[in-house]
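**Q** Chains H and Y, in that order, are what the protein sequence lines are. Note that the numbering used here gives residue 12 to position 12 of the first sequence, counting from 1, and the numbers run on in steps of one. The number in the numbering used here is simply the position in the second sequence, starting from 1, with 1000 added.
There could be a bad hint or two in this list.
Unchecked claim - With a cut-off of at most 30 angstroms between alpha-carbon atoms, the simulated DSSO-like pairs for lysine-lysine come out as follows:
(1) H:Lys49 / Y:Lys1044
(2) Y:Lys1013 / Y:Lys1044
(3) H:Lys49 / H:Lys65
(4) Y:Lys1013 / H:Lys49
These aren't lab readings, by the way, just hints derived from the structure by calculation.
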Amino acid sequence: MTVTINDYQYQEVAVGTGSLPFTISPGTEVLLTSIFLQINSLNNRIELKATIGWEAVLNGNTVPKLLFRIRRGGTGAPAPVVFQTTDSVFLGTPQEAPWPALDFTTSFEHTETATQSLVGTFTQYALTVEHIGQNVATITGPVHLDGIVYL
Amino acid sequence: MATIVDFASQEVKQNTQSLPLALAAGTETLLTSIFLNVTSTSNKIVVQATVGWQPSIALLPLVPKLTFRIRRGGATPAFPEVYQTTDSEFFGTGSLTTNIITTTIDHVESPPQDTVGTFQQYFLTVQNNGSGNITVVGPVTLIGTTIGF
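Whenever a hint applies, use it, and build me the whole structure from the sequences.
**A** Next up, the structure:
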């Protein structure tokens, strides 16, 4: 059986370009980027990959916890979350401060099968981040999102 | 409909060939490279890499930071840097053990006109940008795909 590539799209923002860097505080879901993928069959398999570079610095009680989401059909609620994962780091105790900023790279993958309501549409997939820890973190980049549709 | 125009990969397993590889501080070091056929500006060049690395125990405090780059055409700063990211680990003041960290990166680009009709070489490099020593323990994996439309 032959597998064909129906569609492929990507967005990539390099370190220090576009809106980067920017800081994020707890409580707000922030759109990073999005792509549109053409879905034309219930047999489509959609694969998404993302890489995000971010930075945190110990400043009092800093506990960076970043919740990454992929939403389908919109860039925020109520668009359904089709994938989410959390990345976090231990930056040390306040007694150990100050430390220089530490940089981290988070990568993840998601795959899903097309549903009937998606067939015949260009469906938007949005990559978002929400800080659910304490203090602030900085999205330094790169911000990368790519998607492929197999048939 | 898209097609796969080219695919290339390199993988070095732990404790084979030049691994483990101790990195000199501040020096950009080539890990591996691949060639990809570029046939059109509408191509998408997809590059993925995975690197296992380990900070070395030494005098604390340490702030190990490793910058990953993908360069096109050559491995030195004279050639275009098409991707860069940094990963690091908190070592604190009292850590006596070191962890092996696995960093995975994804990069995609649309090729510039002057690369069409060529086999372009993509280089994966690392640079120890923090304090303390870092060893690339492996694996070192570099995968590239040219998608044509």
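**Q** Taking the hints in turn, state whether each one holds.
**A** Verification of the supplied hints:
no., hint, verdict
1, H:Lys49 / Y:Lys1044, "holds (15 angstroms)"
2, Y:Lys1013 / Y:Lys1044, "holds (28 angstroms)"
3, H:Lys49 / H:Lys65, "holds (20 angstroms)"
4, Y:Lys1013 / H:Lys49, "holds (24 angstroms)"
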